[in-house]
Amino acid sequence: MAITKAAPPRGDRSERDGPRQEKPKGQGRQSSSSLVLVMVLLLVVVAQGPIRRALAAPAMESWMTVFVAVVVQALPFLVLGVLLSAAIAVFVPASFFARALPKRPVLAVPAAGVAGAVLPGCECASVPVAGALVRRGVTPAAALAFLLSAPAINPIVLTATAVAFPREPRMVLARFVASLVVACAMGWLWHRLGRTDWLRPPARPSAEGLGKGAAFWASVRHDVMHAGGFLVVGAMVAATLKAVVPADWLRAAADDPVVSVLVLAVLAVLLSICSEADAFVAASLSQFSLTARLAFLVVGPMIDLKLFAMQTATFGRGFALRFAPATFALAIVVAALTGTVLL
Amino acid sequence: MNRQAQTAVLFLTGVALLRAGFTDLYLRYVKAGLRPLLLAAGVVLIATAVATVWYELRRPRVSADVSPEPPPDTGKAQGTAVAQGTERGRDTGTARDDGDTGDDGATGEGGPPHSHAHREPRVSWLLVLPLAALILVAPPALGSYTAMRSGTALQPSWGYPDLPSRDPVRLGVADYGGRAAYDHGRSLGHRRITMTGFIALDHGGRPYLVRMVLSCCAADAQPVKIGLTGRIPPVLQPDSWVEVTGGYTARRAEDPVNGGVIPYLEVDRMRPVPAPRDPYESWGG
Numbered sequence: 001m002a003i004t005k006a007a008p009p010r011g012d013r014s015e016r017d018g019p020r021q022e023k024p025k026g027q028g029r030q031s032s033s034s035l036v037l038v039m040v041l042l043l044v045v046v047a048q049g050p051i052r053r054a055l056a057a058p059a060m061e062s063w064m065t066v067f068v069a070v071v072v073q074a075l076p077f078l079v080l081g082v083l084l085s086a087a088i089a090v091f092v093p094a095s096f097f098a099r100a101l102p103k104r105p106v107l108a109v110p111a112a113g114v115a116g117a118v119l120p121g122c123e124c125a126s127v128p129v130a131g132a133l134v135r136r137g138v139t140p141a142a143a144l145a146f147l148l149s150a151p152a153i154n155p156i157v158l159t160a161t162a163v164a165f166p167r168e169p170r171m172v173l174a175r176f177v178a179s180l181v182v183a184c185a186m187g188w189l190w191h192r193l194g195r196t197d198w199l200r201p202p203a204r205p206s207a208e209g210l211g212k213g214a215a216f217w218a219s220v221r222h223d224v225m226h227a228g229g230f231l232v233v234g235a236m237v238a239a240t241l242k243a244v245v246p247a248d249w250l251r252a253a254a255d256d257p258v259v260s261v262l263v264l265a266v267l268a269v270l271l272s273i274c275s276e277a278d279a280f281v282a283a284s285l286s287q288f289s290l291t292a293r294l295a296f297l298v299v300g301p302m303i304d305l306k307l308f309a310m311q312t313a314t315f316g317r318g319f320a321l322r323f324a325p326a327t328f329a330l331a332i333v334v335a336a337l338t339g340t341v342l343l
Numbered sequence: 001m002n003r004q005a006q007t008a009v010l011f012l013t014g015v016a017l018l019r020a021g022f023t024d025l026y027l028r029y030v031k032a033g034l035r036p037l038l039l040a041a042g043v044v045l046i047a048t049a050v051a052t053v054w055y056e057l058r059r060p061r062v063s064a065d066v067s068p069e070p071p072p073d074t075g076k077a078q079g080t081a082v083a084q085g086t087e088r089g090r091d092t093g094t095a096r097d098d099g100d101t102g103d104d105g106a107t108g109e110g111g112p113p114h115s116h117a118h119r120e121p122r123v124s125w126l127l128v129l130p131l132a133a134l135i136l137v138a139p140p141a142l143g144s145y146t147a148m149r150s151g152t153a154l155q156p157s158w159g160y161p162d163l164p165s166r167d168p169v170r171l172g173v174a175d176y177g178g179r180a181a182y183d184h185g186r187s188l189g190h191r192r193i194t195m196t197g198f199i200a201l202d203h204g205g206r207p208y209l210v211r212m213v214l215s216c217c218a219a220d221a222q223p224v225k226i227g228l229t230g231r232i233p234p235v236l237q238p239d240s241w242v243e244v245t246g247g248y249t250a251r252r253a254e255d256p257v258n259g260g261v262i263p264y265l266e267v268d269r270m271r272p273v274p275a276p277r278d279p280y281e282s283w284g285g
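Sequence lines, in order, name chains A and B.
Mapping of the first sequence onto this note's numbering: position 226 corresponds to residue 226, and the numbering continues sequentially without gaps.
Mapping of the second sequence onto this note's numbering: position 82 corresponds to residue 82, and the numbering continues sequentially without gaps.
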């Protein structure tokens, strides 16, 4: 019923969206996009009986539940991050960040890394915010340190870690230290080696000629559609792993200290669990050593499938392909060292 | 995906979130504490859709004031396109959405040189999937299939407060499991315990009372399994919800999946019950 209500204004607007010189072509494409959407939704409504029967197998149901759960859980945080990002892009003048952060990038990196502690959310919120910081002229090295540290060291996540490991308070300290070290190291690494042409954010709608309100909402709409689509990709992969890979495979890997660290690091990437919840999952992987579980907690908030997809959307493919493996390797090394020293 | 379709998807997603939040549907997927955030997100998404429509409708009137030439009466569209030169590039880009694949549309061929043509990626279409799943299929809460594939998640706790004085005393599955497995039943004594959970059967057909415990959403849900012994009905249907009453027994087993402890309950009475409002337990709750 919602479809029929929304339809008339949409049809009306398609007239206005097409610019004059490209009107015939533009208009054809414009309406076809809406038409396809309506067709898809109608088709699903008509075929819902057969679809439901096809999805009734336990494995399929469990897949769908996890898929919907990941999306539903992440959407509020994505929306929060998108609102913050739009507010930064539209209402905060670029000069603010120039004054707030130290001038030298070498010092701005740890400052931004520690500032990550104030963003209370999981990794879905930090990607759009870091993207807005870069567009607002913050040095990319500092914005990337913020991107990596924010989901791992904020108070909510650290509290969850303390609750999940009641007998291992050092786990909280180890997580904080290791995450901050990796975030700063990646920031400095980018400062030394990074090239600006790797960082190619996909073009955004220009806000010129728009009022502040219009620019704000255009930015929100754009980011939700953009990052949301990639979130769905990540959720599908994570659900597939959760529903298909049997958990007893892990047991064989837990015996070797080196293999167990690597396995849990890879698992953190594949599972794409929200950083507010990963500590509880790590706690239940009790067959693994504490160091291996620390690697799980350090790698997960910094790089996973969902994040990789979202980073591609925000910073460009060339960036994500270089940044993600470097983060992954560095996070494993730092987590292993921290675990050896602290745990 | 063009702007109309985006607006529709945003609006429908917002409505779906609000619907899930106002019914108990959301409890199948996330913990109860996320409800305010879900509702807020739904409102923001709907507001975004409304704002998009609002600014689209307002644009011609604004441009008519600025436009040097009178807007033609055939359609406000042309007036808009003429007056808002800076917007043209963006609209061009949006119009090209559906046809394009390949990498970043940083250069807009055919658009004015100063503009940045923009293309919403096709990946936005995927947002239709969770929308359809949530509105039409509404998959059920995780059940015995997931439970028997993952290891029991019992963890030692800070401490075990004294039981309330009622008889039989109602406990959560994770609470009983913790007391039985890690406190060796000291805080349970000979009290009669009542618990609610669903039935899961292992490969050998042995019955377990299971409750999935989650900390954030169903993706991190993990089972807590209690072995059942004593007076059990001969035929048990997996995934059916039951209320069991019984007492602590020292018997325990090892979970074949992760080697965790599975404590047992000596059952006196078992009766079928409807599925509870919130099918999950949360840690510490």
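Be aware that one or more of the hints could be misleading.
To be verified - If you want a taste of the chain A side facing chain B, the calculated C-beta under 7 Å gives, among others:
id, residue
1, Val237
2, Thr240
3, Phe328
Unchecked claim - Derived DEER-like restraints, expressed as beta-carbon distance ranges:
id, chain 1, residue 1, chain 2, residue 2, range
4, A, Val266, B, Thr229, 34 to 44 Å
5, A, Leu343, B, Tyr160, 38 to 48 Å
6, B, Gly189, A, Arg167, 16 to 26 Å
To be clear, the hints were calculated from the coordinates, so they are not data collected in a lab.
This structure is a prediction, so every number in the text was calculated from the model and none was measured.
Glycine included, every Cβ here is placed at the ideal spot set by N, Cα and C.
Do the hints match the structure? See the list:
1. Restraint check, Val237/A versus chain B: the minimum CB separation of about 12 Å is more than 7 Å; hint violated.
2. Given hint, Thr240/A at the interface with chain B, is violated; its Cβ is 12 Å from that chain's nearest Cβ, farther than 7 Å.
3. About 21 Å separates the beta-carbon of Phe328/A from the nearest beta-carbon of chain B, more than 7 Å, and the hint is not met.
4. Restraint check, Val266/A to Thr229/B: a C-beta distance of roughly 39 Å satisfies the suggested window 34 to 44 Å.
5. Taking the beta carbon of each, Leu343/A and Tyr160/B are about 26 Å apart, not inside 38 to 48 Å as hinted.
6. A beta carbon spacing of about 25 Å between Gly189/B and Arg167/A agrees with the range 16 to 26 Å that was offered as a hint.
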